[in-house]
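*Asks:* This is what each chain is made of:
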Amino acid sequence: MNVTTAVITAAGRGARQYPAADTVQKAMIPLVDRDGATKPVLQIIAEEAMDSGVERICVVSAPGDEAIYRRQFQAYADMVRGGFPDEPWAVDQAARMEELQDRLTFAVQEAPLGYGHSVWCARKVIGDNPFLLLLGDHLYISAESRRCARQVIDAAKALGSSVSAVQPTREHLIHQYGTVAGKRRSDRSDLYEIQEIIEKPDPTTAELRLTVPGLRAGHYLCFFGIHAFTPAIFEILDEVIREGARENGQFALTTALNRLVRREPYHALETRGIRHNLGVKFGVVEAQIALALAGEGREHMLGLLVNTFARLEKTRSQGESG
Amino acid sequence: MSPTLIDIVTSASAEIRDLPAVETARDLPLPELFRQIADLERFRLETSNLYHRVRAAVILHAIHRFVLQEHSDVPSDGRIDERAFKDLLNRKFEDSIARWNALVVQNGLDRTTASCLATAYEQTAFATLADQVRRSVRQCAGNRWMFRVGCAEEHPLKLRRELIERDAATGLFPILTERTPVRMDLSHSGWSDIFFLGMDYPEGARVLNISVDLGVHGRDAVPRPPIETRLRVIDEPVLRLTSVDLGDTKDVTTLEELFNFGNDYLGLVKAGVIASGLVPASLEGTSESLADVLGRVVRPGMGLEVVSKVNDIPKGSRLAVSTNLLASIISVLMRATRQAKSLTGGLEIEEARVVVARAILGEWLGGSGGGWQDSGGVFPGVKVIEGAPAQPGDPEWQISRGRLLPRHKLLDEKELGPEVAAALADKLSKGLILIHGGMAQNVGPILNMVTEKYLLRSRRESAARQESLAIFERIVAAIRSADVRALAGLTDRHFHGPLKTMIPWVSNRLTETVIERMKARYGDKFWGFLMLGGMSGGGMGLFVDPEIGPHIRGEVLELIRTAKAELDDALPFAMEPVVYDFRINDRGTFADLASGSSAVMPESYLSLSIARMNPAESDGWANSRRAEMYRFASDISGRPDQIEVLKTLVGRIFPLDQGSIKPNAMEWEAEAARIREHYGFDPIQHARNREDLLRGRIGLARNRLPNSVEVTDVRDQDVVDTRISPVGDRAKPASLNSASLAPFGQVAVVSLAAGVGSRWTTGAGVVKAVNPFVPIGDRHRSFLEIHFAKTRRSQKTLGTKIPHIVTTSYLTKDAVHRHWSRWRQEWSDLSVYVSEGRSIAQRLVPTRRDLSFLWEESPQALLDENKQKVREAGRRAILNWASSVGEATDYVDNVPSQRFHPPGHFYEVPNLMSSGTLGKVLRDCPDVRWLMIHNIDTLGATVDPEILSRVAERGAVASFEVISKRVEDHGGGLARVGGQTRLLEGLAQPREETDYMLRYYNTLTTWLDLDKWLEALGLTRQDIVEDRRDLIDAAVRELAARLPVYVTIKDVKRRWGFGQEDVFPVAQLERLWGDISGLEDLSRAFLVVDRFRGQQLKDPAQLDGWANDGGLRFVTSLCDFGSDLS
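These protein sequence lines are chains A and B, in that order. Going by this note's numbering, the first residue of the first sequence is number 1, and it counts up by one from there. Going by this note's numbering, the first residue of the second sequence is number 1, and it counts up by one from there.
If we strip away everything but chain B, and leave its shape as in the complex, we get (with noise of 0.2 Å):
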């Protein structure tokens, strides 16, 4: 009999255990498979074994997910049960698994149910996952302590009486600096510094991480640990928190206030000192005071500060410079408190597995993540690092089959011979290149991908991981005799065979091309490429020749930056591109003690900490502080860090205005100036919109329709549905042979591309239609370049033209236009028009109520316990900054085009036709009858000729596309609205739980009979062709006013820094083209189409459920890229 699910998962047989589950479920008869499922089900809530539990749920999630959620034998429509729902939003994955399920016995599964229990089973996975490794961040030996304090007079820590002596001349406390290398990890090991793998699979968790010191080529001279964090006494009972490059400073004065991780940039300051056992996790929320806790391990009456600062490394290098940074906070704080055996000099290796240990719940508790290889740092030179079996006596024992804490193994001088390690050491710095490309990434989803991945074992990805251990082996050979060329070939072998086999999404296009460059430029003399951490595209290694290497560096520089400029606006760059000068550092993290007149802090800390005194006051300093300032003023000798100081002291006195501050400010207003008059900006239409935001008149909670609207679902006669089968059908490109075409040739597809897809890249301002987000063949392909590929197909296939139309505004136009410009070439067979934006709005600072309203009155899936306390500490701050910078007011703390935005997707077709697009495309093509309208993310939309001919069969002015429902599709759809059937956005729903009635989700594809919609808005052809503006204008405000304006919140990147980003919504004003359906005056269809033709990608976390589960294969068989791949 061949093996069952539960075999897969609990096989002691490795051949039965890594067979591939989703493989052998989609072998199984339905009624097997619905058997076999819920055997798991009952075994995955019996079982203890956390293994087992996590890896039945992945098992559940992905059937659900990949096999039965588009499974033809599977019904199509269903509803998302309301509470399921809801307790899915609350965590309680469990209850809402129950419920599924038990409605799955009573009515039998369909598809949007079994995409509602994928989710859950995925996120029960993970939350399960998650609990265990707190639970054994928790109970490592070393952490358990921290949990027990109840109270100061139980804290066990007592400061080292050294720092407390205060220097009698100049009355200085002295200074403890602990100067901590960042790690670079040649290895990769195929992401298994992930803590589940390490934990399930410690024989392959193995990693090989180098310390080394960092200098930024071109404006450091050497490199040098790129972490200090310095600690010193105060004589005031507070904790003085300060970040040097994040520009923050802060006296904590209550454990509430350190315990809030959201509320400014010293979340991991806060995280650090918590977790280095100076103020105990124990003690949060407790009645203590923190003035209490210090004197009882300073001095009553007596504080401490904390100073990091990472010499301005930009932040996403690889490099895991937060938690080394975090990592040296703790080991400054251990050695103070007596938990190391040294104040100063190097770390023993248990007290620095001490710092890991701490570490991991230093990022546990500030809600950042990082695998547990991230804090080798602390450790010296070139070390393995690798999982281990949990033993008795560790807390893992017996729940899983690897501890949280991997074991360290230096390869040092003594290891591998005085000659290779110093051969090593000079070939590496010389011949590896590293660089940031710029780009910000956010690496929690594809972490997520490995651990489904790898608990699958589909074949390609467990021969992959295979390969991968294979080549760490040789890696740890090329290491160890110090051969560069072979390291930079496996490398390059390892990011190009099994890590893009695991995970395809590793590589871009800056990558990509920053490689083909390399490889043309410098030839054989171009040894690899190193993929240094989670993905490609920002701390990145090239390996090159170590003769050329050092002569090299700025030329690589120049390479990388035309290489971003030219992707500028495609992908999310958070900054400019930079190379390292880098060494290896062989003492690991490295204290020293400062005194006397020597104690001081760096001139940084000064121009911050001044900033915030104010000199009238100087009598109530504290005499450290006033020693400080004497110490400064008496060492003044004109040098620049010093003029520093000077200026800020002289700002505190007399405050300047922010124009003088900022040094693009002035550059800034007069382009957000231009802007606003090249694109008509309305300013008396802007100040009653504010007005109206302000008074409430319009507002989040306004936008829903009266209570009393009854919504209910719509009939089936209601739809035209165009799917084959009555139970749902695959999505069958292949239609497009039918004999039975409709007026084909007299289509016109229209892209809509003028939003930027905040969503796509969390409101990084990149333009989503630029985006090259998918490897097709031999590159990275954009969701314009798809489109293109598909007009091309359908013109073959069709044999006739099909214009393709491309809308945009202000935010898109010169992206689309510049990209346009590079491809036009290769879609010379193509007529594309781009059509340009005419309207622009300012967007807005929000209002208490409307943020308020959002976080609390729509639906919003909590977070894990510890991100949730951050997320509504920043919440609370993006409060305050409402009410400090002015609610409603014009949002301007952000670069110009950030500013505006266009005022919502309906005005795209209108403004085809204004800004005289449309006319241009009718003289050209006068057959032009039907416009196929789809929005960016609509992969699958494509001119099917048996679609047109049922939009055609129903005569309608706009007939809109439709798909079922599925968990992810959450707000609006298809509704009954007071009796009429009309799209419904999210936004206006009067009531949460009329989501829930709903069946169809809104495409946004439209087909728009042309002449039957410019009669509908009393215009002809010929106004069109003729280009009558001020006839169109008119029509065209006449329409708009019979829509409604809702207020949206919308997140907004803002950078500073060296590639720091923080998020802020904004509001806005938009008209939405969906409401088009509820003007009783048009004739409207509305077509059910299948769901690989409607779904739209709006979220990266997308991408890989897409990738595998046929989405990726219907778009691909869609194009025609001209090649022999599509």
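The following block holds chain A by itself, in its conformation from the complex (with noise of 0.2 Å):
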């Protein structure tokens, strides 16, 4: 199974970052990356998928957003290059940017019908391909030398199934989360057999349903937002949505995922590295952190938590002295 498209989905508004998030995308959020470079949240996952194999990305948006993204990329590129013009760091962040612009189709979802609506909007831009899944608004930093994504795609291709990446997430965390239950292959201890999903688990159900052996008390494999998934998940989703099978209201992708667990092989891979999610409180603050301690901009960073710290200390001090 090879993979070489990618869906991302970026079509919620991110109520969250209300009002930044009002004007400006969310994924447009610029944050520093490891390089150095200043980039849009989106770029930065596209560059996880690409940097992982992926030739061609499909991002779901909302309407009338493709316009917008095309015209702050290419004016983000534009003022990258007008404003440093002999830097070689703003060309190649430029040439990367319009590079990125020719590999991104845009797939239109007309009203917010939920994550599994919103996958299923991407199928006649992925045909009949396996495909990479990734979320909008979540960074990965990976802990070895393999991108998060190109370990999932990895285990797709060795397996031939589809394959989400988990991590062993403690139980107060749960709820948060798509979490599955497994069954531990025995021939990988990173890899398990998946037989059933539960959206979000109170940590009651989790205990009765979810809980893996082989996992440290009170810890459950929670969906870490990278899928990668064979062409059948439209399929389903083209049941689920022509069944109306809703949840609360909304076409979840869990409800598509247990009916896939049932239809062919499906597997969950312990992924090593840290995700962060942007759509919670300090989120873009601490990915920004991340990004700086795991890139050329470490130092700088360390010095700067270190420096604020101790200014803040300084002055708090001399407020309670004075």
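Any given hint could be a false lead.
Derived lysine-lysine pairs resembling DSS-like cross-links, with alpha carbons at most 27 Å apart [said to hold, decoys possible]: (1) B:K158 x A:K281; (2) A:K183 x B:K341; (3) A:K200 x B:K519; (4) A:K200 x B:K430.
I should point out that these hints are in silico values taken from the structure, not numbers from a laboratory. The structure displayed is predicted, hence computed values, not measured ones.
With the hints as a guide, bring both chains together as one complex.
*Replies:* Written out as structure tokens, the structure reads:
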């Protein structure tokens, strides 16, 4: 199974970043990446895919967003090139953005009908091909030389099946994620055969149905936000949408995944890396700090953090003594 | 070779495993038995299998208790080793067993040590079981995470959004109401819902459990789910917990308060909150704030309120009201925190199973008990609940054979078919009359007996258990065919057959009377009896022909009331009997969400919460509270429940005195005044006593003799050993036929019955003397009847008349007279005299000093971890109570009779003289020279000519009988005090260790040589015959003045609400008869008698042991009830 296409879902507006997200697309929030270049989030995510061997990327966006994305990409490339005419990094960054633009295709999700629905919107672009699925508001920092997405693609290729990245997650956090029950494979300790998926479970349900032998007590396998799917998922999503099988009013991807489990082999890969959800409180800041600490800006960021802390403490102690 | 004791525990063959261990041990020669005991003990210590360990411990217990403790070849007298005994009290069971076993190796076994080992083995067995249940409960899937949450930040639960949405128009938060039925068990199945039975014998653990709605007949219009739990968000960061029935409400603001289960009536609600996961159990003892936890689950700054209500269903209904209430609280909170799929409606079966596991957890947390079927009310309708074998992955796997949590199989309409289901529902609700007999009972000891007997596999018990299982099958078949008549026959046979065989204590005089009268009244329309729970007397069922069922409920209630009235002072009743209406609830626990103007709490809740609100501070009220008051005010239409709220409100503004609040207060005061006057209450002495108590001149610490007094055990020459062989023989009543008879025909028996026996019914105010506690022959017999039967037998055997005197006090006089007048016919061959008490004292609220001394300075057995916590919290509450009502003030918050006490059993003999009773006896029987005085609970005391001849030989004024000590004989005994042999009260021991030196324990049985006694008092026989009260009273006063006064703390029950009881400690001042033995100018003798003769029954928990160790057989052999049975 050769994965050369990817879907990034980016149709959400990011209510938690309001009011910034109301004017700037959430995926266009700029962050300084590991290589020192300042990039929109979408580019960082797309590079995760492209560095993992993906050639074509489909971004699922809200109606009218394509033009805005493209305009912003172009404006940004022009700004970098125009602002730093002789800087090699600027030339390089501008070229990368233009290349990215060429590889991007946009699919429109007309109404916010759930994650499953948003993936389904990419079916025409992807066609009958396996694909990588990424979230438009999550960044990944791998703990090894391969990108996190690459780890998933490699596993899918080796197994010839759909693979979802998972991470053991402590139980007080599982209410945020899709969580899987699985059986560890005897040949590879980081691979599980998935048996059931429950979206955002409570700890009691998790303990009754999602306990995975071999994991530490109180830990569950939660989705990491990266999946490699066979095209069968589109057929299933078709059915789900045709049947109107909604959960809490939405077409959940989980509904389709539970059907996938029953149709073909489906695995979970314990991925080596860290995920950053930009959609939560301090999510963007945390991601920025992590990116800096994982790349060229490490010293700079450490200095910055220590310095900020020290100045704050000093001001506070002066305040108290005064 | 015959199987060894180890084989009985471990064998793969059921035939060997089911051998009766005690009978097997009894057949072994002593050296072989000792060898096998040592092997079994080694095995017990080594094995890691829970079942083997527990069974070995129980067998070792039983062999020590029932084979060795009274074995004729085991020396009788020993001492209780101090270190081992203290280990036992501190729950270091293994240390105590090791120590005692080492002593046995060193000195050989004596019967005292056998009794100690028996107790230690028994306790370690039950502690091991409790530990395993605790582990299993914590490890049940669905419960584990609650023991891992380390701080508020890690709390994984979130409240459902729907509950936080406040109604815009009214400002009220929605209310989620969970309505839960209770469960009715038709099968009983020999207590197989005890955890250990389910875990060890899952095949035999099966019950037929039905969820029912309930109404009190004559009070409620229709049956409805009796349990209602309401949940609401509040805009204050507190947990507001309310129990409407118990009239208690509290804002819990700290974790410490939440985990305190003993300081209020909200223990069960608190346990529910914790077991639901809202506040995980792992947060106990952490520095987390409750507000943070609530902030995380609800919203910062907000909290929750839980209101529980059981619609005034009386306690002790045997329908598992409290467990289902716990389950209801857990369900509502699980729904609210997204642990159940749906916020409203029924629960899914998997969710209901989690509720069951949580309810067990809650009961463990709150220190209460319950079986695994009790929370069956959360499931719909009729179901079979059965034990399940442990599977890989279960926490019990390879530890016990079965799982802690059972399986539930619904026998619903689908399973039974709609016609059968409808017929069953109809016939049951018409033909089964559910009643509450009114008795308050403690089922705990019964459950321990069941476990023990199950493990010992005595032949009778095993056969009964098999029969019980067979009956279960037929009960299920009867349900499947809706054959209520067959069902009634089966439950009736079950009760009178296997259940009574396994545990004779399940029945009582009330139950038997009711059954007898039902039969007499309704003939073949009365179909059978149903024992609902652990024992009968409280909730019970009477099957009648469904044709007449609905029409006779009123009559049946009257019949039970009459039976109750006849036994009122003889059995511990907590309330008037009740008849219920019921119907099957086929949806189980069910929730509704009310919002907007319909989101209101019941008026009874408002009365409670208003009582705590200060109208002057209404500015500070939270918005939601204000909204609720507005809503109430705008809705007032004059309904009676609203009027109640208004009354409370007025009372809050103009606090009223007690008299106008409590309806009976005035009558009670008048009755108390009457008692004081009639019994010559001495207010001046009372005031002096109170002053002494307050200033610490008297008190528990002052009861003790000075530390400098030398106390040692008696020497052999200080006692007369009346036992037959030097080793100590089994008591033989046959000695009555001995030729060497002393001057019989000159004896009168005195049964001391002035006390109520507060330990016997933990202060219930029941008169122990007339308590029919043991079935002998065709019915339950009371202590007094047994004493009469002995006297009758003695009269016959000795061919002479023996007057029998019963002493009473103001507490017991009426009861004894009443019952005597009923029995008189039956005992017309006896000369019975009832002597009235002449004195009375007022009970006092104890001082904090004495309470602390009692709990901290005197040896006390630690309880199981959680129970101990509950006990300590309860004690803190009692200390606060003492301070708030006033130390050493009169104890008045109870019915008049419970406010007073007889001033100690010393006075009972003097009262005989001053009441004129002795004079009457001497006028009727001038030959009487000896009084054999015995306590009401010394059942083996009889006029034994051989003992009397030894008494006469010694020629002392007073001869006291003592027995060799056993583990339960703690506190005092026969001692040499400052070189003088006398009885030493436990209260007076100068040091705690004194107790461990003494070999003999006081039985209180005393032979008084009447002439010498009168002479010592400066009186003559003529004074008594002529009833010279002035002389007698003066002599008694003089004698009393020479005896010490002890401060004692006794438990008193206070009853309230619907079958609720509180136990309070009260202080009493008493003089005790045993101190007569300390009067130097009185000649005394001390006789060691056989244990069966001298043993006293102080606690109902002793009954089963007494019935099985030969004690009961011995006593029965002394009796003549006028029929063949004796």
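*Asks:* Does each hint fit the structure? Answer for all of them.
*Replies:* Status of each hint after checking the structure:
| no. | hint | result |
| --- | --- | --- |
| 1 | B:K158 x A:K281 | holds (17 Å) |
| 2 | A:K183 x B:K341 | holds (25 Å) |
| 3 | A:K200 x B:K519 | violated (61 Å) |
| 4 | A:K200 x B:K430 | violated (48 Å) |
Hints 3 and 4 from the earlier list are contradicted by this structure; the remaining hints agree with it.
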